[in-house]
Each structure stands twice: as structure tokens, then as C-alpha cells.
Amino acid sequence: MCWQCMSLNCVIARVKYKIFWVTGILLILMSACIPKPSVVKAILFYAPSCTHCADVVNNTITSVQSNYDHNLNLVWIDVTGKHGRDLYEKCIAHYNTSPEQITFPIILIGDQILFGSKLINNFPSAVQTSIDTGGLDWPKIDGFECSPDG
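Numbering-wise (numbering that gives the first Met the number 0), the sequence shown opens with residue 0 and increments by one.
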């Protein structure tokens, strides 16, 4: 393509070239303006053999997960393994809570620690409120890391 040429073919090629770049720039700018869905990130501590955990999972957590499918990212941590137990102990220390005060399962959502009847009664509304206010990042617990997109 000759940039000095004034023939019709060269003028059309230059116009197409400019339209291509302007369109690309507009698409990039528009994609930056599209709101991303609010995502709530939470941590669930549970024990596979715990019957209370199974009951809460079956009657509360699975329904909340299905209601907020794309807006809730819940990581399940088994406390029967060493890594899960270590994270649980750091969680207890972080929230200044005594292990004797807590029953499994436990959900960390934002700055809240939910367990027992608080989990059952407050988890659905905590998720909805967090979505309405723009989402929540992972609770800050030493030793807990999740992938940037997770």
C-alpha cells in the first residue's frame, strides 16, 4: 500500500486501515466499561465425618451456592488434614475466637466468622449484601492463598 498515492484503491485502503484501528480502540475502551459481576469469596471449614457439617451443607450451603452460582466462590477446606487444621487454627487466632466457642462447619466471609445458627441464619443474607455492595475478596488469613481469578 502506497501512503502518498491518491488513487481510489489507496484511499480506500487507508480508510479501511483507520477504521480497523479506531474500531479496535473502541472495543478495548468499551470492554473496560462493562461492569464485572460482583463476586463474593468465602472459605468453608468442615470435617467430612461431621454429621452437623453434612446437615448444614445439604440444607443451607448447597442452596446458597446454587442461588448465587456465578457470584459466590466458596473454597472448601477439610480440617482433618494437616494443612486444613493449620489454616483453621490461624483463622481462630485471626478472629480472636476460642476453639471451644466454635462448632463446625465454619464460613469466613469478609470480616465475619459464621458457625452454628449464625451460619444457617446469616450466610444467605451476607452473600446477598456483599454482592449488592460490589463483592468481597478472600478473607485475610496467613497461609491461605487462592489463585487471582479464583
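Worth flagging that the hints you see were computed from the coordinates, not collected in a lab. Given the structure is predicted, the values throughout are model-derived calculations rather than measurements. Hints are not guaranteed to be accurate.
Here are the computed lysine-lysine pairs in the DSS-like style, where the Cα-Cα straight-line distance is at most 30 Å [said to hold, decoys possible]:
#, residue 1, residue 2
1, Lys117, Lys81
2, Lys81, Lys139
3, Lys40, Lys117
4, Lys81, Lys40
5, Lys117, Lys139
6, Lys139, Lys89
7, Lys139, Lys40
8, Lys40, Lys89
9, Lys40, Lys15
Hints the structure fails to honour: The structure breaks only hint 9.
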